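*Asks:* Using the sequences and the hints given, assemble the complete structure.
Single-letter residue listing:
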Amino acid sequence: MPKGIAVDKQKRLKAHAAMSDTDLLLTITIVVFFLLYLSAVFFLGGSFTKPQNFLNILNNNASLIVLSCGMSIVMITGGIDISVGAVTCLVCMTSAVNLERQGGNILTVILIGLGIGLAFGVVQGFLVAHLGIQPFIISLAGMFFAKGMTTIVSKEPVRVTNEGFLAVKDARITVPGLGAPNKLGVYIPAYVEVGVIVALVVVVLLFCMLRWTKLGRAFYAVGGNNQSANMLGINVRRTKFLAHVLCSVLAGLGGILYFLHVGSGDVANGAGDEMNAIASSIIGGTLLTGGVGNVVGTFFGVLSLNTIKRIVSSLGFDEAWWSNITVAAMLCLFLVIQSIVLLRKNKK
Amino acid sequence: MTTPVKDPQARVERPDESLWKRLTRQQLFIPVAALALLVLFNLIADPSFFAVSMKENSLGNPVLSGNIISVLDNASELVILAIGMTLVTASSGGQDISVGATMAIAGSVILRMVCGSQVTADTMQMNLILAVLIGIAATMCFGAFNGALVAYFNIQPMVATLIMYTAGRSIAAWINNNQLPIINDLSFKYAGTFLPGIPVPTPIFITALVILIFWLVLKFTTLGLYTQAVGINPSSSRLNGLDPKLIKLLTYVILGVCVAVAGFIRVSRSGSINYSRIAENIEMDAILAVALGGNALSGGKFNIYGSILGAYVIQFLTTTLYKYEVPSTALPAYKAVVVILLVVLSAPVVREKLSRVKKAPVKAAKEVS
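First to last, the sequence lines map onto chains A and B.
Quick note: the first sequence uses the working numbering, first residue 1, plus one each step.
Quick note: the second sequence uses the working numbering, first residue 349, plus one each step.
It is possible that some hints are incorrect.
[Claimed, not checked] The calculated lysine-lysine pairs, modelled on BS3-like cross-linking and capped at a C-alpha distance of 27 Å, are: (1) K671/B / K155/A; (2) K593/B / K567/B; (3) K567/B / K649/B; (4) K50/A / K169/A; (5) K403/B / K537/B; (6) K345/A / K593/B.
Because the hints were derived from the structure by calculation, they are not lab data.
The structure displayed is predicted, hence computed values, not measured ones.
*Replies:* Here it is in structure tokens:
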């Protein structure tokens with residue numbers, strides 16, 4: 001056997017033995033989530049022991065899961081998009097106005113949501129990818145534009161009474177085997193909302209896309225190193241453009257799910273969700289520098305973030321500001337961990 | 349000493365160029381042109397925009413009033429923030445998006461100090477200067493926190509400051525136990541309104557003082573030079589004996605001081621605070637001011653006077669929009685359009701394309717001959 005091949009084989013074995021960044025950070029996230037939840041179950045008990053409590057985290061955060069997955073994809077390509085929360089809000093308000101005042105139905109709501117997302121994605125993606133403007137500035141402008149447009153559409157909260165919509169909103173999908181008897185001994189089945197199913201499908205689809213399709217691998221390549229991706233024959237601009245379009249379309253979808261969950265349009269909808277999405281992605285092991293990340297990690301990031309919030313509020317810190325401070329502290333912690341991991345790796 | 353940071357290409361004299369081209373290459377061209385456009389628009393639409401008159405305020409003192417005075421007055425916080433933001437941008441190549449939130453913290457700390465333990469205080473419980481100094485110290489700490497994340501942990505500035513952007517207003521509420529302190533002492537409001545007997549709003553004087561201080565600092569210290577050197581190339585500035593991390597940290601601490609002064613002006617305008625609304629969206633305006641002033645948002649060379657002028661242009665635009673009854677909640681949408689237009693026009697790709705379009709006929713003519 002020629003010597004070169006042996007060396008090559010050895011190297012490859014080594015590469016297999018050492019965990020890739022993506023897997024390492026993903027493992028940290030999953031472990032952190034299970035530790036958090038199990039310690040809540042053991043030390044706090046109460047509602048944490050009921051499966052429905054866990055399913056409620058999913059019910060309340062279906063839209064955030066979708067937003068965060070989109071955010072992760074943009075972050076994997078090395079960009080960022082902070083307009084997602086405001087886009088969510090704009091989609092909610094426009095959908096509500098459409099349903100209430102213009103006789104719309106579920107189909108028009110879906111079209112509006114995805115259309116708004118697509119429009120934001122195309123403009124932002126073009127400016128970032130083809131004109132080389134910093135994604136943060138563009139999406140900051142996008143965020144303000146969406147916020148302003150929301151108040152132009154309607155300043156007052158719009159409550160939806162459309163029956164077809166309410167039927168979908170209140171649809172409960174029971175999860176077999178997870179129900180629990182209530183105080184009167186009546187068995188209450190555990191349930192999830194329609195949005196959760198959509199969110200889970202999105203996570204699975206994106207996971208497959210990122211892992212096995214050409215475009216998915218291109219996202220990682222572009223985020224890892226622009227120039228070498230270019231030399232590999234990847235169209236860097238097109239990849240970045242598509243990442244932004246995908247992120248904004250997912251933000252539009254997230255807006256639909258948010259609307260489906262709350263059932264009204266309000267200027268406060270989705271406030272701070274861009275922050276939550278970035279925090280979830282970072283906690284889920286997506287590196288800000290690009291090239292590393294995983295939507296499954298992001299999914300667990302969302303769960304960890306909201307478990308922490310629930311723990312903080314069940315400890316008696318009910319006020320809204322504690323939740324913000326906790327999110328910020330957790331974000332800070334994970335940013336520092338990432339930075340240390342990267343700094344150590346660069347030293348080697 | 350010649351500065352190594354200046355682009356040699358930009359200094360080359362091109363005598364064959366037209367006056368117009370030489371003008372457009374000037375860094376201050378964009379803000380001056382924008383200001384001129386706004387002034388022209390207002391002159392044509394309604395010349396009374398520029399009227400300044402003497403009116404009696406609620407205390408019976410004669411004071412100046414008019415749109416121009418209100419632009420100069422209301423831009424004060426923005427101008428002060430823009431100065432700090434310019435330094436941060438130049439050194440770290442990113443912007444601090446937590447300035448609005450830390451302004452809330454500064455205001456909260458100052459109010460907590462002057463109100464003592466009361467929620468509604470009629471007289472100040474603490475020397476005002478001491479209270480402001482404590483406010484400055486607090487925001488310097490938060491600035492140092494941001495700066496440390498950026499400089500020592502290598503986190504992108506906008507993401508590092510996202511932490512304070514999320515937590516800042518909550519921390520401000522927490523400092524006062526979520527109560528809304530109100531101070532009714534008239535002397536507290538001097539800094540935000542009028543000094544007795546002087547018809548010009550005090551914030552204008554404070555802003556002038558801050559600009560003067562920065563002018564002196566930039567003229568007589570190496571701060572400006574070092575900041576630019578670090579912004580252009582951190583590793584080569586390190587080889588030249590600078591400590592890029594320390595300088596980045598320093599610029600964030602300086603921004604912290606600016607934030608405290610701006611926060612003090614803002615709370616002393618009303619003597620009260622609303623944690624979620626105070627200085628809302630001001631970070632966007634501050635970044636916009638820096639960009640409008642012709643400074644590269646990716647760091648390096650900076651011109652502090654461009655940013656100052658940019659801040660006044662933004663306030664001019666805001667006041668003009670208000671005059672034409674654009675609702676304040678819809679304002680961000682208009683400003684976002686302006687921002688996007690500006691960054692698109694200043695994008696290198698677009699500039700190149702534009703210059704190529706201008707050159708194309710010349711080239712064609714040459715080829716024919």
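*Asks:* Now look at each hint and say whether the structure bears it out.
*Replies:* Taking the hints in turn, this is what the structure says about them:
At roughly 20 Å between alpha-carbon atoms, K671/B and K155/A fall within 27 Å of each other, so this suggested pair holds. For the suggested pair K593/B and K567/B, the alpha carbons sit about 23 Å apart, so the restraint of at most 27 Å is met. Restraint check: the Cα-Cα separation between K567/B and K649/B comes to about 15 Å, which is no more than 27 Å; the hinted pair holds. A C-alpha spacing of about 23 Å is found between K50/A and K169/A, which places the hinted pair at or below 27 Å, so the restraint holds.
Using a Cα cut-off of 27 Å, the hinted pair K403/B and K537/B holds, with the two alpha carbons roughly 19 Å apart. Taken as a hint, the K345/A and K593/B pair is honoured in the structure, with Cα atoms around 20 Å apart against an allowance of 27 Å.
Going down the numbered hints, you'll see the structure goes against none, and every one checks out.
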